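Colleague: Chains A, B and C are the protein sequences, given in the same order. With the working numbering, letter number 25 in the first sequence gets 25, and the count goes up by one each step, no holes. With the working numbering, letter number 87 in the second sequence gets 87, and the count goes up by one each step, no holes. With the working numbering, letter number 96 in the third sequence gets 96, and the count goes up by one each step, no holes.
FYI, nobody ran anything at the bench for these hints, they're computed from the structure. Keep in mind that this is a model prediction, so the values were computed, not measured. Hints may be right or wrong, so weigh each one.
Unchecked claim - DSS-like cross-link-like pairs, simulated, lysine-lysine; straight-line CA separation at most 27 Å:
#1 Lys77(B) - Lys110(A)
#2 Lys15(C) - Lys77(B)
#3 Lys110(C) - Lys77(B)
#4 Lys15(C) - Lys77(C)
#5 Lys77(A) - Lys77(B)
#6 Lys70(C) - Lys70(B)
#7 Lys77(A) - Lys70(C)
#8 Lys70(C) - Lys70(A)
#9 Lys129(A) - Lys110(C)
#10 Lys77(A) - Lys129(A)
#11 Lys15(C) - Lys70(B)
Claimed, not checked - Label pairs and their computed distance ranges (CB to CB):
#12 Thr140(B) - Arg80(C): 27 to 33 Å
#13 Asn108(B) - Asn76(C): 38 to 44 Å
#14 Gln13(B) - Asn76(C): 18 to 24 Å
#15 Trp11(C) - Lys77(B): 28 to 34 Å
#16 Pro74(A) - Tyr9(C): 34 to 40 Å
#17 Asn108(B) - Glu66(C): 35 to 41 Å
#18 Leu17(A) - Thr2(C): 20 to 26 Å
#19 Arg131(A) - Ser33(B): 35 to 41 Å
#20 Gln127(B) - Asn108(C): 16 to 22 Å
#21 Glu141(C) - Arg131(A): 19 to 25 Å
#22 Glu66(A) - Ala57(B): 40 to 46 Å
#23 Thr140(B) - Gly60(A): 35 to 41 Å
To be verified - Some but not every residue of chain A turned toward chain B, in silico, with C-beta under 7 Å:
#24 Gly85
#25 Gly109
#26 Leu111
#27 Gly114
Just so you know, even glycine gets a beta-carbon here, dropped at the ideal spot from N, CA and C.
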Amino acid sequence: MTTLCHTEYLWFQTKNLHEFVNITDEVERIVDSSNIRDGMALVSAQHITAAVYVNDAESGLIADIEEWLKNLAPMNKDYRHHRTGETNGYAHLWNLTLGHQVMVPITNGKLDLGPWEQVYYAEFDGQRKKRVIVKVMGVTE
Amino acid sequence: MTTLCHTEYLWFQTKNLHEFVNITDEVERIVDSSNIRDGMALVSAQHITAAVYVNDAESGLIADIEEWLKNLAPMNKDYRHHRTGETNGYAHLWNLTLGHQVMVPITNGKLDLGPWEQVYYAEFDGQRKKRVIVKVMGVTE
Amino acid sequence: MTTLCHTEYLWFQTKNLHEFVNITDEVERIVDSSNIRDGMALVSAQHITAAVYVNDAESGLIADIEEWLKNLAPMNKDYRHHRTGETNGYAHLWNLTLGHQVMVPITNGKLDLGPWEQVYYAEFDGQRKKRVIVKVMGVTE
Numbered sequence: 001m002t003t004l005c006h007t008e009y010l011w012f013q014t015k016n017l018h019e020f021v022n023i024t025d026e027v028e029r030i031v032d033s034s035n036i037r038d039g040m041a042l043v044s045a046q047h048i049t050a051a052v053y054v055n056d057a058e059s060g061l062i063a064d065i066e067e068w069l070k071n072l073a074p075m076n077k078d079y080r081h082h083r084t085g086e087t088n089g090y091a092h093l094w095n096l097t098l099g100h101q102v103m104v105p106i107t108n109g110k111l112d113l114g115p116w117e118q119v120y121y122a123e124f125d126g127q128r129k130k131r132v133i134v135k136v137m138g139v140t141e
Numbered sequence: 001m002t003t004l005c006h007t008e009y010l011w012f013q014t015k016n017l018h019e020f021v022n023i024t025d026e027v028e029r030i031v032d033s034s035n036i037r038d039g040m041a042l043v044s045a046q047h048i049t050a051a052v053y054v055n056d057a058e059s060g061l062i063a064d065i066e067e068w069l070k071n072l073a074p075m076n077k078d079y080r081h082h083r084t085g086e087t088n089g090y091a092h093l094w095n096l097t098l099g100h101q102v103m104v105p106i107t108n109g110k111l112d113l114g115p116w117e118q119v120y121y122a123e124f125d126g127q128r129k130k131r132v133i134v135k136v137m138g139v140t141e
Numbered sequence: 001m002t003t004l005c006h007t008e009y010l011w012f013q014t015k016n017l018h019e020f021v022n023i024t025d026e027v028e029r030i031v032d033s034s035n036i037r038d039g040m041a042l043v044s045a046q047h048i049t050a051a052v053y054v055n056d057a058e059s060g061l062i063a064d065i066e067e068w069l070k071n072l073a074p075m076n077k078d079y080r081h082h083r084t085g086e087t088n089g090y091a092h093l094w095n096l097t098l099g100h101q102v103m104v105p106i107t108n109g110k111l112d113l114g115p116w117e118q119v120y121y122a123e124f125d126g127q128r129k130k131r132v133i134v135k136v137m138g139v140t141e
């Protein structure tokens, strides 16, 4: 039994300003190629205007989530952050609401997810290159 | 010194639709039985209408948390997700607000928690079987 | 290649009730001294009225975050938790909003952060001693 770390990066350049991308299969592929049988995968956005979260792959719910985020932190508010020239204050707050990372458990070489759990990358300020790190740590066997 | 991973599942079937269950002792028991002296325990809900969080074991605060969640994402709203036949749109948003997982540090074979830190399973759509994974990773000494 | 765990504690006693402290350099220093080249650092508040999060080191944004928290969970509300003699009900809810911990990936012995990612300790009930645990787990090379 050997302890291993395996790291890959996922790159995104979404067409739309906001986009919800199901990355479960990508994470599964990375775990497969790591040869780790038991451990955890850290899936973490490396930008502060995007989120990584786990929930349902249901389009109605995804629209509910976006509307809810718009209520919690409106897009068109005059944020102090905008004095730097930025226009994405809301996107920072959405990142903080959903969180920027998850730990996915790995058992018998597979993602150990519940029946409806899917891993999502949520882009809140897209149309440019953004990155997610997937770092798998665990043991072979 | 050996690297170990140890996994157990906790099952819940709450009497009420919403319930806050202190699972600190259960997590401690699992860490004890893992023989891991230094490491981390991932405690993660495997359903997307429940949360795992760390905070105070104080009944007034727990009632405050539930009232706060009801304000942030009302239960009786006409969520798009309900077009699938579901009625638990709010529970998905509460899961996203509190988060579905925590990492508990382990030092000298014990949960390394602050004076008031307790690990909670928060059920938002109960009265049926739900599961939490506890995966402990670390080293023996 | 050896698996290692390395643990240090950061102590805070802020001058103000609320304070946002950039702890990225402290975490980097702890990772340096761990001799871990590939792995993860758990950075976790051990008090339930403070947060640890990752976002931008921009003072306008930090003021936006505090104002946003005050809107989501007002400071002067009559929380049930206050019947215990406490006055910090809001601070518990702010902790739950931002989260109390992050996992920082480590690659080639360095924090593997995106261009604007900084690790923050957010104190919501300060002017007394509070603690953060930093536990680094990974492999030497």
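Colleague: If a hint holds in the structure, say so; if it does not, say that too.
Modeller: Each hint tested on the structure:
1. For the given pair, Lys77(B) sits about 37 Å from Lys110(A) by alpha-carbon distance, which is inconsistent with the 27 Å threshold.
2. Of the supplied pair hints, the one linking Lys15(C) and Lys77(B) is violated, its CA atoms being roughly 43 Å apart against a limit of 27 Å.
3. Distance check on the hinted pair: Lys110(C) and Lys77(B) sit about 46 Å apart at the alpha-carbon level, beyond 27 Å; violated.
4. Proposed proximity of Lys15(C) and Lys77(C) is supported: the alpha carbons are some 24 Å apart, at most 27 Å.
5. Restraint check: the Cα-Cα separation between Lys77(A) and Lys77(B) comes to about 24 Å, which is no more than 27 Å; the hinted pair holds.
6. The hinted pair formed by Lys70(C) and Lys70(B) meets the criterion: a straight-line CA distance of about 17 Å does not exceed 27 Å.
7. Restraint check for Lys77(A) and Lys70(C): the C-alpha separation of about 16 Å stays at or below 27 Å, so the hint holds.
8. Note on Lys70(C) and Lys70(A): the hinted pairing holds, with a Cα-Cα distance of about 17 Å set against a maximum of 27 Å.
9. Under the criterion of a C-alpha separation no larger than 27 Å, the hint pairing Lys129(A) with Lys110(C) is consistent with the structure, at around 23 Å.
10. Between Lys77(A) and Lys129(A), the direct Cα distance comes to roughly 25 Å. Compliance with the 27 Å bound is thereby established for this hinted pair.
11. Of the supplied pair hints, the one linking Lys15(C) and Lys70(B) is violated, its CA atoms being roughly 34 Å apart against a limit of 27 Å.
12. Distance hint check: the CB atoms of Thr140(B) and Arg80(C) are about 44 Å apart, inconsistent with the given range 27 to 33 Å.
13. Between Asn108(B) and Asn76(C) the beta carbons are some 42 Å apart, a value that agrees with the proposed interval 38 to 44 Å.
14. A hinted range of 18 to 24 Å for the beta carbons of Gln13(B) and Asn76(C) is inconsistent with their spacing of about 39 Å.
15. Roughly 44 Å separates the CB atoms of Trp11(C) and Lys77(B), a value that falls outside the hinted 28 to 34 Å.
16. Between Pro74(A) and Tyr9(C) the C-beta distance comes to about 39 Å, which sits within the given range of 34 to 40 Å.
17. A hinted range of 35 to 41 Å for the beta carbons of Asn108(B) and Glu66(C) is consistent with their spacing of about 37 Å.
18. Roughly 46 Å separates the CB atoms of Leu17(A) and Thr2(C), a value that falls outside the hinted 20 to 26 Å.
19. Between Arg131(A) and Ser33(B) the CB atoms are about 39 Å apart, so this pair conforms to the stated range of 35 to 41 Å.
20. The hinted window of 16 to 22 Å between Gln127(B) and Asn108(C) is violated, with their beta carbons roughly 50 Å apart.
21. As the Cβ distance of Glu141(C) to Arg131(A) is approximately 23 Å, the hint placing it in 19 to 25 Å holds.
22. Between Glu66(A) and Ala57(B), the C-beta spacing of about 35 Å breaks the proposed range 40 to 46 Å.
23. Roughly 48 Å separates the CB atoms of Thr140(B) and Gly60(A), a value that falls outside the hinted 35 to 41 Å.
24. This hint is violated: Gly85(A) has a C-beta 30 Å from the nearest C-beta of chain B, more than the 7 Å allowed.
25. Here the hint on Gly109(A) is broken, as its CB sits about 12 Å from the closest CB of chain B, past 7 Å.
26. A hinted interface residue such as Leu111(A) counts as satisfied when its beta carbon comes closer than 7 Å to some beta carbon of chain B; here the least separation is about 11 Å, so the hint is violated.
27. At a threshold of 7 Å, the smallest CB-CB gap from Gly114(A) to chain B is about 3 Å, leaving the interface hint in force.
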